[in-house]
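Visitor: Protein chains in written order, with the UniProt record's numbering: chain U, 1 to 564; chain L, 1 to 472.
Simulated from the structure, these hints should not be mistaken for laboratory data. Accuracy of the hints is not assured; some may be wrong.
To be verified - The list that follows gives simulated cross-link-like pairs (lysine to any residue, SDA-like), each with its CA atoms no further than 20 Å apart:
id, chain 1, residue 1, chain 2, residue 2
1, L, Lys-179, U, Leu-276
2, L, Lys-126, U, Asn-188
3, L, Lys-261, U, Asn-188
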Amino acid sequence: MTESSANKLLNGDACHRTANGRKASKNGFVKNHCLFQQPHKYRRPREKNQNVTHNSSLYKKPFSESFEETPLLVAVLTYMGYGILTIFGYLRDFLRHWNIEKCHVARERDEQKDFVPLYQDFENFYTRNLYMRIRDNWNRPICSVPGAKMDLVERVSHDYNWTFEHTGKVVKDVINMGSYNYLGFAENTGTCADAAIEATQAYGVGVGSTRCEMGNLDIHEEMEQLVARFLGVESSMAFGMGFATNSMNIPALTGKGCLILSDELNHASLVLGARLSASTIRVFKHNNMQSLEKLLRDAIVHGQPRTHRPWKKILIVVEGIYSMEGSIVRLPEIIALKKRYKAYLYLDEAHSIGALGPNGRGVVDYFGLDPKDVDIMMGTFTKSFGAAGGYIGGKKELIDYLRRHSHSALYATSMSPPVAQQIITSMKIIMGEDGTTLGADRLRQLSENTTYFRRKLREMGFIIYGNDDSPVVPMMLYMPAKIGAFGREMLKRNIGTVVVGFPATPIIESRARFCVSAAHTRETLNTALEAISEVGDLLQLKYSRREQPLPSLGWMSEESLLQD
Amino acid sequence: MASGQQWVLVEMVQAFYEAPAYHLILEGILILWIIRLLFSKTYKLHETYKLTEKEKEDLIEEWQPEPLVPATSKDHPSLNYVVVTGPPSHKIVIDGKECINFASFNFLGLLDNKRVKEKALASLKKYGVGTCGPRGFYGTFDVHLELESRLAKFMKTEEAIIYSYGFATIASAIPAYSKRGDIIFVDEAACFSIQKGLQASRSFIKYFKHNDMEDLERLLKEQELEDQKNPRKARVTRKFIVVEGLYINTADICPLPDLVKLKYKYKVRIFLEESMSFGVLGEHGRGVTEHFGVNIDDIDLISANMENAVASIGGFCCGRSFVIDHQRLSGQGYCFSASLPPMLAAAAIEALNIMEEDPDIFTVLREKSKQIYMDLQGTPGLKLVGVPFAPALHLQLEKSSGCRNSDMQLLRSIVDYCLEKHVVLTLARYLEKEERFLPPPSIRVVVTIEQTEDDIQKAVSCIKEAASALLK
Numbered sequence: 001m002t003e004s005s006a007n008k009l010l011n012g013d014a015c016h017r018t019a020n021g022r023k024a025s026k027n028g029f030v031k032n033h034c035l036f037q038q039p040h041k042y043r044r045p046r047e048k049n050q051n052v053t054h055n056s057s058l059y060k061k062p063f064s065e066s067f068e069e070t071p072l073l074v075a076v077l078t079y080m081g082y083g084i085l086t087i088f089g090y091l092r093d094f095l096r097h098w099n100i101e102k103c104h105v106a107r108e109r110d111e112q113k114d115f116v117p118l119y120q121d122f123e124n125f126y127t128r129n130l131y132m133r134i135r136d137n138w139n140r141p142i143c144s145v146p147g148a149k150m151d152l153v154e155r156v157s158h159d160y161n162w163t164f165e166h167t168g169k170v171v172k173d174v175i176n177m178g179s180y181n182y183l184g185f186a187e188n189t190g191t192c193a194d195a196a197i198e199a200t201q202a203y204g205v206g207v208g209s210t211r212c213e214m215g216n217l218d219i220h221e222e223m224e225q226l227v228a229r230f231l232g233v234e235s236s237m238a239f240g241m242g243f244a245t246n247s248m249n250i251p252a253l254t255g256k257g258c259l260i261l262s263d264e265l266n267h268a269s270l271v272l273g274a275r276l277s278a279s280t281i282r283v284f285k286h287n288n289m290q291s292l293e294k295l296l297r298d299a300i301v302h303g304q305p306r307t308h309r310p311w312k313k314i315l316i317v318v319e320g321i322y323s324m325e326g327s328i329v330r331l332p333e334i335i336a337l338k339k340r341y342k343a344y345l346y347l348d349e350a351h352s353i354g355a356l357g358p359n360g361r362g363v364v365d366y367f368g369l370d371p372k373d374v375d376i377m378m379g380t381f382t383k384s385f386g387a388a389g390g391y392i393g394g395k396k397e398l399i400d401y402l403r404r405h406s407h408s409a410l411y412a413t414s415m416s417p418p419v420a421q422q423i424i425t426s427m428k429i430i431m432g433e434d435g436t437t438l439g440a441d442r443l444r445q446l447s448e449n450t451t452y453f454r455r456k457l458r459e460m461g462f463i464i465y466g467n468d469d470s471p472v473v474p475m476m477l478y479m480p481a482k483i484g485a486f487g488r489e490m491l492k493r494n495i496g497t498v499v500v501g502f503p504a505t506p507i508i509e510s511r512a513r514f515c516v517s518a519a520h521t522r523e524t525l526n527t528a529l530e531a532i533s534e535v536g537d538l539l540q541l542k543y544s545r546r547e548q549p550l551p552s553l554g555w556m557s558e559e560s561l562l563q564d
Numbered sequence: 001m002a003s004g005q006q007w008v009l010v011e012m013v014q015a016f017y018e019a020p021a022y023h024l025i026l027e028g029i030l031i032l033w034i035i036r037l038l039f040s041k042t043y044k045l046h047e048t049y050k051l052t053e054k055e056k057e058d059l060i061e062e063w064q065p066e067p068l069v070p071a072t073s074k075d076h077p078s079l080n081y082v083v084v085t086g087p088p089s090h091k092i093v094i095d096g097k098e099c100i101n102f103a104s105f106n107f108l109g110l111l112d113n114k115r116v117k118e119k120a121l122a123s124l125k126k127y128g129v130g131t132c133g134p135r136g137f138y139g140t141f142d143v144h145l146e147l148e149s150r151l152a153k154f155m156k157t158e159e160a161i162i163y164s165y166g167f168a169t170i171a172s173a174i175p176a177y178s179k180r181g182d183i184i185f186v187d188e189a190a191c192f193s194i195q196k197g198l199q200a201s202r203s204f205i206k207y208f209k210h211n212d213m214e215d216l217e218r219l220l221k222e223q224e225l226e227d228q229k230n231p232r233k234a235r236v237t238r239k240f241i242v243v244e245g246l247y248i249n250t251a252d253i254c255p256l257p258d259l260v261k262l263k264y265k266y267k268v269r270i271f272l273e274e275s276m277s278f279g280v281l282g283e284h285g286r287g288v289t290e291h292f293g294v295n296i297d298d299i300d301l302i303s304a305n306m307e308n309a310v311a312s313i314g315g316f317c318c319g320r321s322f323v324i325d326h327q328r329l330s331g332q333g334y335c336f337s338a339s340l341p342p343m344l345a346a347a348a349i350e351a352l353n354i355m356e357e358d359p360d361i362f363t364v365l366r367e368k369s370k371q372i373y374m375d376l377q378g379t380p381g382l383k384l385v386g387v388p389f390a391p392a393l394h395l396q397l398e399k400s401s402g403c404r405n406s407d408m409q410l411l412r413s414i415v416d417y418c419l420e421k422h423v424v425l426t427l428a429r430y431l432e433k434e435e436r437f438l439p440p441p442s443i444r445v446v447v448t449i450e451q452t453e454d455d456i457q458k459a460v461s462c463i464k465e466a467a468s469a470l471l472k
């Protein structure tokens, strides 16, 4: 793979880069054996523009993702903001210590005062002095369906967020930009709800045993067969909790002497699962194929640390859509790497199943790939299907093995029947097996909404992270004070949004996150966008320094991208 | 002596002057050579170890990973699960046959309860099924808050926190408090979710013999000596005892009053897992604390699932706000997981209502447990493990054949025999390689209040028949 062939690729010439590279490497003629290489070396971490599609021959359609760099002034001000908050935190801790300021923190029992403290004092510094100031933006109780609009329980705090009191009033019809209700299946009427009602009447809500003992109901088997069909895999197994699907099944698949290559932004459940498996874990840069390839090569060449024995297996663990970045995994490249280096691939489609692809079948469908190329297809039912739990799909041998070795199958109570029914009904609608086009309509609506919402926000001058097709839309706020202000100002305008800061994000990259849903109508989105723009002006959030309008983003044609 | 030495020096200098130039140059070079040898490495490591691209490529071509999962035989017994049609309640339909259920943990018979179902339906009609978000991001429903305050009130503690999965409850709670460097004392018979919590915490784990307070005290004393040697470290090392109320693996009860004594003597905190005892033991079903009359504030954290007696899904932790509130930001299974579907929370609330209205059900349950315990005594070839008031007992082989597989086979044949006679039992299932202390193979016998006198008699005679026919 020489420089000239790489140039050809960028000119849009369909050149089979993978095949080429392998052939060359066998003969040992060319110096460069890597599948993916860039002319320049690693991107520096701060330089986060990923507009250019590398290896475009692997993609069937434009793949455009952007992470605009943090403006320097904003970064400096953000650090200063945290500095000031920390100084005040220490000051107030000092005042609390001398009982000048009233201390609201719950105390240890008097009988146990001489025990080793349950928490280190500095551990809670952040919670006490920073989080507590803006705590009202999280855990807001709701009292309706988490659909396009929801009702919030009104609450007030008389002691600066240490305790909340419910006023008994309800804030009606808040536009919901926070729930992961991508396809709008969070509903209390309609086909899904009716079917779930029937299932409740027939089965009750509990199960009272594990799958392996006496908790394997016919409804579970039906659901699993449907899930396998939906995913296009041989077999599948469902579990009662999405988080546990990861944390309790990875240990069944890998163990000592195995290597897990994990994306740096993987979800906590994947990290926990990897840790519980006792395998060696190495982390590659987010969605960076050069970093992954380097780790793969080094791992195979050098083997296990110290003993230099070859690794038993190598498992690449990635997510479909990263929920905090809004980025989509570079699956075609990962599959090429995985085949080249004989690694296994674990794909977590928690956010992407249902939300991506022309048929709603996740990232594999989105890129038009073969589901058989992914060894372990994992996903959750919580989001697009409006249910709860998770699944693993793959080859029959894999699922048969999990049925006997998954921690969840042996020790955890199986899924509640009405939840299973909700999955069956909503999945059938998405597949069009109910004989209607309602599912297809939802999918189309979601993708239209996503494009519209992302384009509008970008035009307004906000910094938006992630892939143009991802329904998860993170919008940068940066400064700690703006986290609270944004959440509150939006709620004043009757819009519920999610704001996140450290430790869920890097310290200076606090953000708001919108989840676009098929249930949102154009008017709903317009109302939300107007409010966002208004608050954006108020709080000076329109940081983007890109030229407006942007010809190369959002509505670009294929040619313009390849010329990029 | 001194003059002699001086003479040698003078002679050396003289020799230096007289020596020919080439000799001096040669010596100079030699000295430099020695210096170079002294300061340079004998050989360069990285040069010899560096692989060429070709060699790397060959290595990559050569490497063959193990298969993702080992090949399995098709007829493995646990591969094909028993299929239950309809609700797995008292009367259960297996392979089209209606049987009496002695296998599901439906202690209070609430699984198919009409009132519970109605409340769940009402909730479903209001909120739909899923929550579409974690508790932090619009996944907190008013029902969750109600359930938490009801649980706290029921248990007479300050605060309760709910999880959406029973297994994840204690497995998340332990690592929220115990970190690297801390010490946890655990009973050997602790269930699998506790073991996973311990593993996730990365603390030092010290196992004591099952229910052996002397062994525990020995470990605590050892630790006390260790602490005296290094008081600075001891001041920041948290210590915990983790025990179960009623052990799911052995069906016996922990000696809680003794544990509380040890707690204050050695200043260790107690975490109590009550999945089997919540809604079972005590006059009002509050579990082991009520059973022994121990002050609930003396237990730092109580965790239980709502999947057994409560017959819903999920789990909860309760205790003082000082302890429990910490999990709202540090409990992984709480923060990073979607919240419990509201209809399941509503079902749990209604179950609590039933339990509060009629505390007699706990007495009934204990009576039935005792009866089965008495009746199953003297089964030929089988021994009954557990305490008389435990609702989930184990039947183990009196004499093991020495091979786990053949023991399992034998017990399975008893289960199959009973199934023929319309009595549903199940083998207790474990991950044999992953359990820290693997319990011996056993048949579970689960009591529920719905089982009538006749049902119990039928089951007991079935088991006895099977045992005398199959175990010689």
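Visitor: Run every hint past the structure and note whether it holds.
Guide: Outcome of the hint check:
no., hint, verdict
1, L:Lys-179 with U:Leu-276, "holds, 15 Å"
2, L:Lys-126 with U:Asn-188, "holds, 6 Å"
3, L:Lys-261 with U:Asn-188, "violated, 52 Å"
The structure shown violates just one earlier hint, number 3.
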